[in-house]
Amino acid sequence: MGFIVISASAQQEAGKSSYLTYQRIEVGYLFGGQMYNNTFTYNPGVNFQGAYGFKLSKRVYSGLGLGFHSLENERFIPLFAEVIGKTNKKDNSPVIRMQMGYAHAWYNGYDDIAGFDFKGGAYFSAGYGLQLQVNAMYYATFFLSYVHQFGQIEFESYSESSYQQQLNYDMLSLTLSLTRKESSKHVEN
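Using the numbering used here, the first residue of the sequence shown is number 985, and each one after it goes up by one.
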C-alpha cells in the first residue's frame, strides 16, 4: 500500500508583508433639505465622492474619503472615514456602509447680510447597498443612504448684534459607486 503526500505552501519573501487596498468613486443625487423650527425646506442636490482604503477581513473594508455635495445654494466638502461590510462572502452581495467626518462649507446664494458667514460641521452617513461584480477588476454598488450634515451661519442684525444659528440637513442619497477590486501592495519590513 502506498501513500502519496502532496505538500503545498505559500511563502512571502523574507522582510516583506502585503495588504489589500481598494479605490472607490461615486456619484449620486441627494433628496432632502433643512430642518428649522419644525419646518422642513426641500433642498436637493448632487454628490460626488472618492475613497481609498484597506481590506481588513474577507467582508470588512475601512478607508478615508473626500466628497463634494452641491445643494441649491450650499456647498460641502466632507472629509470622512468609512467602514464597509459585506453581508456574505460572494462577489454579488448586499453591503452596509457607515461614514463619519467633517465638512467644510460655503454659501453660493444671496448673502448680502452684514457679517454673514456660512460654516460646515460634522458629517454622518449610513447606507445599505447592493454590490455587483462588473468584471474581474471592478464592482458597481447601488447605495441608498441617510445623510446628516451639520452647519452653522453667523450674521449681524441691523442693531449690530451678532447671531449664530445651527443648521441641520437631513437627506436621502441614491448613489452609484464604482469600486476597483482589492489590489495587493507589498511593504518592506
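Derived by calculation from the structure, the hints in this document are not laboratory data. You may find that some hints are simply not true.
[Claimed, not checked] With a cut-off of at most 20 Å between alpha-carbon atoms, the simulated SDA-like pairs for lysine to any residue come out as follows:
1. K1074 <-> N1021
2. K1039 <-> Y1003
3. K1039 <-> D1075
4. K1103 <-> F1052
5. K1165 <-> F1126
6. K1165 <-> K1103
7. K1070 <-> N1152
8. K1074 <-> Y1122
9. K1073 <-> Q1117
10. K1103 <-> K1039
11. K1165 <-> F1052
12. K1165 <-> L1116
13. K1042 <-> G1017
14. K1042 <-> Q1149
15. K1073 <-> K1103
16. K1042 <-> K1073
17. K1039 <-> Q1149
18. K1070 <-> M1121
19. K1073 <-> N1152
20. K1042 <-> N1152
21. K1103 <-> I1061
22. K1074 <-> V1118
23. K1074 <-> N1152
24. K1039 <-> G1017
25. K1103 <-> Q1149
26. K1074 <-> G1017
27. K1103 <-> N1152
28. K1039 <-> I1061
29. K1042 <-> F1102
30. K1074 <-> S1167
31. K1039 <-> M1121
Remember, predicted model here, so these are calculated numbers, not experimental data.
Hey, K1039 versus Q1149, does the alpha-carbon distance stay inside 20 Å?
Between K1039 and Q1149 the Cα gap is close to 40 Å, so the pair fails against 20 Å, i.e. violated.
Can the restraint linking K1042 and F1102 be considered satisfied, given a maximum Cα separation of 20 Å?
violated, 42 Å
For the pair supplied as a hint, K1042 and K1073, is the alpha-carbon distance within the 20 Å limit?
holds, 7 Å
Given the hint that K1042 pairs with Q1149, does the C-alpha gap stay at or below 20 Å?
violated, 45 Å
Agreement of K1039 and D1075 with the hint, judged by alpha carbon distance not exceeding 20 Å:
holds, 14 Å
Distance restraint between K1103 and Q1149, which requires alpha-carbon spacing of 20 Å or less:
holds, 10 Å
Assess, step by step, whether the Cα of K1070 is no farther than 20 Å from the Cα of N1152, and give holds or violated.
Not OK: K1070 and N1152 at ~30 Å, beyond 20 Å, violated.
Hinted pair, alpha-carbon criterion (20 Å max): K1070, M1121. Please report holds or violated.
At roughly 17 Å apart (the allowed maximum being 20 Å), M1121 and K1070 satisfy the hint.
Next pair to validate is K1039 with M1121; report whether the Cα-Cα distance is within 20 Å.
holds, 15 Å
Between K1074 and Y1122, does the CA-CA distance stay at or below 20 Å?
holds, 14 Å
Pair hint outcome, K1103 versus N1152 [Cα-Cα no greater than 20 Å]
Roughly 12 Å between the alpha carbons, so the hint for K1103 and N1152 holds.
Given the hinted pair K1103 and F1052, is their Cα-Cα distance within 20 Å?
Between K1103 and F1052 the Cα gap is close to 15 Å, so the pair holds against 20 Å.
Checked against the numbered hints listed earlier, the structure breaks hints 1, 6, 7, 10, 11, 13, 14, 15, 17, 19, 20, 23, 24, 26, 28, 29; every other hint is satisfied.
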